[in-house]
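> If you want the building blocks of each chain, they are given just below.
There are 2 protein chains.
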Amino acid sequence: MSDDHPTNGLDDVVHQKHRLGILTIAAESKRVEFGYLREALDLTAGNLSRHLTVLVDAGLLTMEKGYDGKRPRTWVGITRSGRAALHKEISALRALVARHDS
Amino acid sequence: MSDDHPTNGLDDVVHQKHRLGILTIAAESKRVEFGYLREALDLTAGNLSRHLTVLVDAGLLTMEKGYDGKRPRTWVGITRSGRAALHKEISALRALVARHDS
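Going line by line, the protein sequences match chains Z and V.
When we follow full-length UniProt numbering, the leftmost residue of the first sequence carries the number 1, and every step to the right adds one.
When we follow full-length UniProt numbering, the leftmost residue of the second sequence carries the number 1, and every step to the right adds one.
A few of these clues could be false.
To be verified - A partial selection of chain Z residues facing chain V, derived with a Cβ cut-off under 10 Å:
1. 19
2. 28
3. 64
4. 65
5. 66
6. 68
7. 94
Calculated directly from the structure, the hints in this document are not laboratory data.
A virtual CB, placed ideally from N, CA and C, is assigned to each residue, including glycine.
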């Protein structure tokens with residue numbers, strides 16, 4: 001019975017609201033720029049960096065530093081594991097919403 | 001733009017996976033017993049107590065201690081604010097799932 005409830009299928013690394021936002025946005029394109037994420041999720045640079053580190057360390061994202069002209073840029077991409085983890089989270093959330101609506 | 005992303009509408013008090021589980025189950029009936037929650041969410045008594053305290057302090061749940069025969073029991077009920085907060089969370093999750101599926 002303990003595995004039945006949809007929230008038991010949630011992983012804190014992915015479920016945390018800002019990390020869930022980062023992964024959702026990263027899943028929508030090949031790569032996404034740090035500043036874009038910061039603005040879209042209304043985060044400070046430090047806070048965003050910390051969450052990105054957690055996701056990179058978990059193998060869910062890659063980070064690449066480079067230049068756009070002379071401006072330094074950080075690009076973030078979702079890994080295959082990241083897509084799988086997000087898919088699992090979204091499936092659990094879908095089940096939770098369905099249970100709530102029933 | 002910063003308010004557009006569905007995860008920006010999530011509140012950490014409600015979004016945390018175990019608290020989300022507690023609120024979802026509490027919303028399904030008039031009151032729910034501590035041991036039932038513990039088993040359904042696969043939590044230790046200490047961990048469940050800590051999350052219940054956060055939710056009671058936020059005004060989202062009430063806790064009532066009593067007896068079932070000679071056995072002490074703790075009953076948990078969701079408040080009107082709790083239902084509203086859960087509804088807001090579920091709406092944001094629904095938007096997130098829809099965005100992911102689109």
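> In ascending order, which of the hints set out earlier in this document are inconsistent with the structure?
3, 4, 5 and 6
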